[in-house]
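Q: Work the whole structure out from these sequences, hints included.
With the working numbering, the residue at position 58 of the sequence shown is 58, and numbering never jumps.
It is worth saying that the hints were derived from the structure and are not from the lab.
It is possible that some hints are incorrect.
Mimicking EDC-like on lysine to aspartate or glutamate, the simulated pairs with C-alpha atoms at most 16 Å apart in a straight line are [as the list claims (entries may be wrong)]:
| id | residue 1 | residue 2 |
| --- | --- | --- |
| 1 | 28 | 86 |
| 2 | 48 | 65 |
| 3 | 48 | 13 |
| 4 | 48 | 84 |
| 5 | 48 | 21 |
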Amino acid sequence: MRFDADWMSRADDRILEHLSEAGPDTPKEMADSDRVRFSRQHINARCKTLVEYGLLVHLGNGVYDITRTGEQYLSGDVDARDLDPE
Numbered sequence: 001m002r003f004d005a006d007w008m009s010r011a012d013d014r015i016l017e018h019l020s021e022a023g024p025d026t027p028k029e030m031a032d033s034d035r036v037r038f039s040r041q042h043i044n045a046r047c048k049t050l051v052e053y054g055l056l057v058h059l060g061n062g063v064y065d066i067t068r069t070g071e072q073y074l075s076g077d078v079d080a081r082d083l084d085p086e
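A: Okay, here's the thing in structure tokens:
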């Protein structure tokens, strides 16, 4: 069971699941995928927030990847309410 936080949006789980399954990707590619059905701009903003909380890492050139903490959140081992922004 996942424990999301007040700062999270509906897009966040989809972004994390996409990156967990597909590997590093850009907000544009995520927006074009069938799994993440949000605008590129919204995905980009959410990725920046997920980086602040340690669930994603920005690899450069607009490419993001999921972190170990992000994977632990997806598996229910991390409560996002306990995460603090960096």
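Q: Name the hints, by number, that the structure is in violation of.
A: 1 and 5
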